[in-house]
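Using the hints, put the two chains back together into the complex; each one sits in its own frame.
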Amino acid sequence: AQKVTQAQTEISVVEKEDVTLDCVYETRDTTYYLFWYKQPPSGELVFLIRRNSFDEQNEISGRYSWNFQKSTSSFNFTITASQVVDSAVYFCALKNSGTYKYIFGTGTRLKVLA
Amino acid sequence: NAGVTQTPKFRVLKTGQSMTLLCAQDMNHEYMYWYRQDPGMGLRLIHYSVGEGTTAKGEVPDGYNVSRLKKQNFLLGLESAAPSQTSVYFCASTDGASLAQYFGPGTRLTVL
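Each protein sequence line maps, in turn, to chains A and B. Just so we're aligned, residue 1 is where the first sequence starts under our numbering, counting upward by one. Just so we're aligned, residue 115 is where the second sequence starts under our numbering, counting upward by one.
None of these hints come from the bench; they were simulated from the model. Not one of these hints is a red herring.
Listed below are the simulated DMTMM-like cross-link pairs for lysine to aspartate or glutamate, each with C-alpha atoms no more than 20 Å apart in a straight line:
no.: 1; chain 1: A; residue 1: K70; chain 2: A; residue 2: D55
no.: 2; chain 1: A; residue 1: K38; chain 2: A; residue 2: E15
no.: 3; chain 1: A; residue 1: K111; chain 2: A; residue 2: D22
no.: 4; chain 1: A; residue 1: K111; chain 2: A; residue 2: E10
no.: 5; chain 1: A; residue 1: K111; chain 2: A; residue 2: E15
no.: 6; chain 1: A; residue 1: K38; chain 2: A; residue 2: E17
no.: 7; chain 1: B; residue 1: K184; chain 2: B; residue 2: E144
no.: 8; chain 1: A; residue 1: K70; chain 2: A; residue 2: E59
no.: 9; chain 1: A; residue 1: K38; chain 2: B; residue 2: D209
no.: 10; chain 1: A; residue 1: K38; chain 2: A; residue 2: E10
no.: 11; chain 1: A; residue 1: K38; chain 2: A; residue 2: E59
no.: 12; chain 1: A; residue 1: K3; chain 2: B; residue 2: E173
no.: 13; chain 1: A; residue 1: K101; chain 2: B; residue 2: E144
no.: 14; chain 1: A; residue 1: K111; chain 2: A; residue 2: D86
no.: 15; chain 1: A; residue 1: K111; chain 2: A; residue 2: E17
no.: 16; chain 1: A; residue 1: K101; chain 2: B; residue 2: E173
no.: 17; chain 1: A; residue 1: K70; chain 2: A; residue 2: E56
no.: 18; chain 1: A; residue 1: K101; chain 2: A; residue 2: D29
no.: 19; chain 1: B; residue 1: K184; chain 2: B; residue 2: D209
no.: 20; chain 1: A; residue 1: K101; chain 2: B; residue 2: D176
no.: 21; chain 1: A; residue 1: K3; chain 2: A; residue 2: D29
no.: 22; chain 1: A; residue 1: K38; chain 2: B; residue 2: D152
no.: 23; chain 1: A; residue 1: K111; chain 2: A; residue 2: E44
no.: 24; chain 1: A; residue 1: K3; chain 2: B; residue 2: D152
no.: 25; chain 1: B; residue 1: K171; chain 2: B; residue 2: D152
no.: 26; chain 1: B; residue 1: K123; chain 2: A; residue 2: E44
no.: 27; chain 1: A; residue 1: K101; chain 2: B; residue 2: D152
no.: 28; chain 1: A; residue 1: K111; chain 2: A; residue 2: D18
no.: 29; chain 1: A; residue 1: K101; chain 2: B; residue 2: D209
no.: 30; chain 1: B; residue 1: K123; chain 2: B; residue 2: E193
no.: 31; chain 1: B; residue 1: K184; chain 2: B; residue 2: D140
no.: 32; chain 1: B; residue 1: K128; chain 2: B; residue 2: E193
no.: 33; chain 1: A; residue 1: K101; chain 2: B; residue 2: E166
Derived, one-sided and incomplete: chain A residues facing chain B with beta-carbon distance under 7 Å:
no.: 34; residue: Y33
no.: 35; residue: E44
no.: 36; residue: L45
no.: 37; residue: F47
no.: 38; residue: R50
no.: 39; residue: Y100
no.: 40; residue: F104
Positions of the beta carbon are idealized from the N, C-alpha and C atoms, including for glycine.
Extracted from the complex, chain B is given alone in its bound form (with noise of 0.2 Å):
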């Protein structure tokens, strides 16, 4: 059981440049979210997904797009990456029971 997973961890762009981030659950949870982190400004919510075929912006989704084709799976996509986007990027999925977040372990993305 490998929980949340995100590939890749580390990650290098240009400005410009375009990526997707992909996110993995094996709990079979229907709510999936992509956050960024952030120095002193905690988790920031970029979009999420109530279910395989829906998508929703959350509180800065600007520069962002998400798919979630796969009730597994969760891609967040930057179409033309910007320095501003250099930041830690966590996927979560939601037992819809207990409501707690599982979190992957980050990709560190950095826009030069």
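Chain A with its partners taken away, still in its complex shape (with noise of 0.2 Å):
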């Protein structure tokens, strides 16, 4: 079965902090995909990152990075000195390689004040 859990529904934070989302899945597939989408409060869904299961490089944009580890499936998102145009629902998502179907985790609210 297919899953992706983000336990946390909603954090809050003051601008400059730091702030890990967590996202955890669940596959039996050994090939993979896993992404993150940004919704801001103006609704639309944009794309950040993908991440392949051969590929357990962590990755680093800007103030972003993102912590990919098979041995606990888990692929967490970090903001570092987060600002308030950072808030936002932040959803992680999981393809396996042979279906076309993505399954999304019910998404983490992200408040960020000033």
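Right, here's the structure in full:
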């Protein structure tokens, strides 16, 4: 079975704090892909990153970083020095190699307070 | 380059009415998807299409039908709307190389 769990429903931080959004996934496939999307208050969904199951290198993009650990089936997302513009709902998603379907977590609402 | 567009943006229906949501993409993507987003439930897949003329059921297909007569368009139909179909509907298309999904702006549907 495929499943994505985002246990944190809502997180509030003060601007400039670091924050980590957790994502735990379940899959029996050995080849799969993990994604993060951002949904700001305006409502559109924006693709942030894709990670392949065979590439466990962590990635950094500006203030954003992603930590992929197959041993714990986690793909966590850290925002360093958070800003008010980071306030959004963030979704983690999983796609197995042999399917066209994407499985989304229930999302984490991040509120960054000025 | 408009990306993915959805029509309409908002709609209010009465129970039993029918309607069609239109999704169009100009990126020449093969794969297209319809999701619904409800509070606390994330995005759930309704139907998807892997090419012109093909459709397949997703996680929550009941009460919906779809058609993909042209590669750039993916239509979602509600034959007899029910209050349980009140939701925000998102269309997406997928870049086969990056596997990234590109989403439309969403359609907010209310069924009274």
